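Engineer: Listed below, chain by chain, are the residues.
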Amino acid sequence: MLAQARPTLRAEAPAAVESAPILVELRAVTVRREERTILESVDLLVREGELVTVIGPNGAGKTTLVKVALGLLAPSAGTVRRREGLRIGYAPQALVIDPAMPIDVLGFLALGGRRPRDELEAALAEVGVAGIGRRQMRALSGGELRRVLLARALLRRPDLLVLDEPLSGVDLAGQLALYELIGSLRRVRGCAVLLVSHDLHLVMAETDRVVCLDRHVCCSGSPETVARDSAFLRLLGDRVARVVALYQHHHACRHDGSDERGAP
Amino acid sequence: MIDAFVLRALLAGVGIALLAGPLGAFVVWRRLAIFGEALAHSALLGVVSAHLLDVDPTLGLVVFAALLAAALWALEEQRLLPTDTILSTLAHGALAAGLVLVSLLDWLRIDLFAYLFGDILAVSDSDLAVLLVLSLLVAIALGRHWRGLLSLTIEPDLARVEGVPVRRLRLLLDLLIAAAIAVGMKLVGLVLVVSLLVVPAATARPWARTPHGMALLAALVGTAATLSGVGLSLLVDLPTGPAIVLVAVLGFLASVTAGRLRELRTRAREGRGGLAGEPARR
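Note that the protein sequences, when read in sequence, are chains A and B. If you want this note's numbering, it's the 1-based position in the first sequence plus 155. If you want this note's numbering, it's the 1-based position in the second sequence plus 232.
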């Protein structure tokens with residue numbers, strides 16, 4: 156019923172995910188601020204267990220879209236629906252801890268909710284940074300901070316993980332490792348992931364559906380479809396598109412040979 | 233045998249110091265020192281208005297502090313201008329209005345001096361009662377909402393997604409800080425009152441590893457400064473408010489210096505260990 160409104164998605168989304176219940180749905184969402192249109196009639200749909208990636212250049216309204224989906228920002232027009240009782244784990248794009256704030260990693264994790272110490276330690280181990288619980292938050296590297304934010308989001312046992320630029324402030328090797336971590340978390344936990352990134356070639360391989368955003372939805376569909384879409388090519392230029400094509404090749408190889416993805 | 237007025241002064245001082253510790257930590261974390269200055273500026277308008285309406289001047293102070301806190305809360309929702317700009321504007325507006333009122337109402341005789349510099353030795357039983365009630369309120373509010381208040385201080389969007397009522401708690405915190413400042417003016421006056429909040433928290437910072445550790449340590453530091461300030465003023469006959477603040481600031485300088493020295497020592501040790509032990513780290 157809901158899928159009828161979006162024939163492209165129905166055509167491109169993997170069949171296994173197609174029938175899954177909807178977690179978050181944005182319809183014709185428009186956000187204006189001081190005469191400037193930040194988002195124009197944007198549709199976004201996340202189903203149970205799906206990995207949806209929103210990509211777009213700087214200023215495309217990606218973070219605004221995330222805030223609307225999270226309910227932090229009311230749209231000027233359009234509707235937002237979240238499944239009742241939906242538990243969201245959110246990792247914001249930036250976290251700046253004031254120098255005057257003394258807080259260690261365990262203390263930071265406990266801000267998300269009162270939980271026993273061993274549960275907090277287990278969450279740190281799950282994201283691959285076991286044993287940093289007593290380090291001060293300000294002493295963490297970019298990659299460690301990303302993982303701690305992920306751990307705080309996971310502690311809520313989310314149905315949906317919302318990750319705003321989860322690779323920012325991380326070097327290339329760290330980006331790949333983080334990306335693998337997000338993929339494995341999704342497989343183990345079975346939660347849906349809404350991921351926002353300006354970084355195409357790293358994100359696209361594991362994603363079910365890509366939404367290419369530039370204030371409006373340029374195009375959306377499977378990574379393969381979007382990479383071929385003329386609107387996407389225009390938006391991001393030929394050079395980036397070639398890189399994406401390369402990565403897509405890699406992705407296809409892995410799929411034919413050893414499929415690590417595991418059916419949802 | 234201690235005189236009753238000295239006992240009241242000590243009780244009031246310790247009470248305010250205990251309040252100001254944790255609230256001051258939030259003032260430092262949220263960079264609201266200018267908020268305190270704004271409240272102090274608006275005090276004159278509050279006092280004049282109270283005289284006009286023939287009500288207790290302290291009540292006028294508290295009401296104006298609460299109004300300013302509400303204004304801050306409403307204005308923080310917009311993101312166009314930085315908070316310190318807004319507060320500075322509000323404060324000077326209130327100060328200008330107070331001065332205009334004082335000059336228009338030339339029949340009004342106000343002892344401005346008491347509000348400027350405070351008089352802890354003139355603390356009355358009813359002042360103590362107000363302080364006790366406020367202390368209980370602060371203790372209950374901070375105890376119940378500690379996690380949410382910290383969470384919104386560190387990252388408000390994340391706090392909201394996790395179900396913290398960010399707007400309500402921020403208003404609560406602003407009101408508590410405003411009330412603490414209105415009461416603290418009794419002690420050291422509006423010129424110095426902000427130091428009661430900021431200085432103990434800043435003194436505690438180098439030695440704290442957790443937020444609650446910093447808040448509790450700030451309460452202890454403030455209490456020690458108040459007791460020694462009152463003691464000094466009795467022994468050497470100094471003005472009490474400035475004596476308290478001076479002791480506190482000297483303690484702050486000692487703390488920051490010691491903290492910096494410790495940091496340099498640790499870094500020197502880690503530098504040597506790093507070269508020998510794990511050269512490839514980071």
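Since the hints were made in silico from the structure, they are not lab data. Take these hints with a grain of salt, some might be off.
What the hints assert, rightly or not - Estimated spans, in silico, between C-beta atoms of each pair:
id	chain 1	residue 1	chain 2	residue 2	range
1	A	I177	B	A306	42 to 48 angstroms
2	A	R270	B	L337	45 to 51 angstroms
3	A	A328	B	R400	55 to 61 angstroms
4	A	S296	B	L285	54 to 60 angstroms
5	B	L348	A	N213	50 to 56 angstroms
6	B	T489	A	A232	40 to 46 angstroms
7	A	L331	B	R400	51 to 57 angstroms
8	B	L284	A	R191	16 to 22 angstroms
9	A	G286	B	R492	49 to 55 angstroms
10	A	Q248	B	G375	53 to 59 angstroms
11	B	G375	A	V343	35 to 41 angstroms
12	A	N213	B	L464	57 to 63 angstroms
Stated by the list, open to error - Stretch-level coverage of chain A by chain B, calculated; a stretch enters the list once three of its residues show a Cβ under 8 angstroms from a Cβ in chain B:
id	segment
13	234–247
14	254–262
15	372–386
Computed from a predicted model, the values in this text were never measured in an experiment. Backbone N, C-alpha and C define an ideal beta-carbon position, used for all residues, glycine too.
Engineer: I'd like to know which numbered hints this structure contradicts. Please list them from smallest to largest.
Structural biologist: 1, 2, 3, 6, 7, 8, 9, 10 and 15
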